[in-house]
Amino acid sequence: MNQRQRPVSQQRNQKPRTNWLAARPWLLAAALGPLFGACGVESHLEPYKQTDVVVSKGEQLVVLARKQHSNHEAEEGFVQCISDALAKGDSRLEVHSTKAFEDSMYPWFEPSTAPLSTDDLSRLLEKPEVMQQVKKTGVRYVVWLDGSTDRVASGGGITCAAGIGGAGCMGLAWWEDDSRYDATVWDIMQAESAGTIHADVKGRSVMPAIIIPLPFIARPQAAACRGLTQQLKQFLTSPHGYGAGPEPGIG
Amino acid sequence: MPILSRIRSLRVWSAIAAGVLLAACSSNVIVESKFPSPLVEALPVRMGIIIPEELYNYIYQEEIRDESLWTIALGDANVAMLNPLYSKMFRETRKVNAVPTDESLDGVLKTTLEKFEFDVPVNEKNKFVEVWIQYQLTLFEPNGNQVVVWPVSGYGKHQLGHSRQDAVQKAAVTAMREVGAAISTKFAQQPQIKTWLAEKQHESTAAAGVTTAQSEAKN
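Residue numbers (the numbering used here), protein chains in the order written: chain A, 1 to 251; chain B, 1 to 219.
These are calculated hints, taken from the structure and not from any lab test. Computed from a predicted model, the values in this text were never measured in an experiment. Watch out, some of these pointers could steer you wrong.
Said to hold, decoys possible - List time: in silico DSS-like cross-link candidates among lysine-lysine, alpha-carbon distance up to 30 Å:
#1 B:186 with A:67
#2 B:200 with A:127
#3 A:135 with B:186
#4 B:186 with B:200
#5 A:135 with B:200
#6 A:202 with A:127
#7 B:186 with A:99
As the list claims (entries may be wrong) - Partial selection, computed: residues in chain B whose CB lies under 7 Å from chain A:
#8 38
#9 39
#10 159
#11 178
#12 184
#13 185
#14 186
#15 188
#16 191
Don't be surprised by glycine CBs; every beta carbon is placed ideally from N, CA and C.
Go ahead and model the full structure; you've got the sequences and the hints to work with.
Structure (structure tokens):
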């Protein structure tokens, strides 16, 4: 009898709590609403196409990171994300492996030797062995990624404590990450720049802690990868998708 | 006997505990990578190559205060980088132990590793592991006369990920690739080497001229 009665007493004890929360959904919404509002991603993408080139069948592209800067560098994972995403989905492109390209072109695409301008590229392609190797790889376009994801602001704090009766945390922490990347497309065969896509994605994450921490994490780098990939596909497959910029050398 | 056995057992456990503690306080990195052959035109010289034993077994050790003892082994990577590099850079290469040597060679190149430095970030702001490495190339005439001493350095960095050791290994490989790039693209541009190469070119042209004249005289 006692065993049967126990669940009933537990239900009795829990019932008022459920009712209390159910009766006050506005309290929960009021507490979590601003937090959901504060957490989010803000994207700004700016494409600029100088030519009307499009990728033809059999032509490949390679995604490389600019490594000349001492304080930042496009992350290996980000380069891989762009490469993988370009090779998948609708209007997929033929993407050459970054490592295989750097190895086959060694030592001409290392941090200290990689061409910084299309003039440098022209000079590099004057070397017959380099030009021959480029043709062998089948790569026509190089997508240079420049930029990084950095934490630009953070604040708040969470305090946790544990005792015999239990453990819990209390507080609120927040942080803001900024993903800024430029994807510059070079046409190797023409030794000219086809254009640039600039992406600036800000992500604000919050983590309130009421007994347990609840992370609402924004991922600006992933959003930048998705945005840049979408723009790059459009950039390289549709000649009329973008308004052509001014003639090179003007403005 | 039981007391002795207990003491032995205690020793074993102490040794295991000390080993575990030492392992926790040390970081070991073996730099390994495949280095590609450089895409350069071979210089028209027959070069003897000296790679000293120290380069094959190079191990760098540094104790970082409040952190751990770092042991970085670069020997295998040195061999993996230098062999394909020199094979592609010169018309002909031959392993040589010392100078003076065989007069059939145009020159002898000795490579040593002079300096190795690395930095692992300790605060959150800096997120790159950095490696700086310097080799010294000494070019000799086959008779042992020194032509030039050329220090070549390379810098590499890699984002600090889940493993510090992995980041150090990747930064070291980048630095070594940079060294290889500098050697393969700038060797012939060094003023003394440029002059030496011109002399060798002149000598081989003159020798070819003499051979042609002798064969014509015979005919």
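If any of the earlier hints don't hold here, list their numbers in rising order.
5, 6, 14, 15, 16
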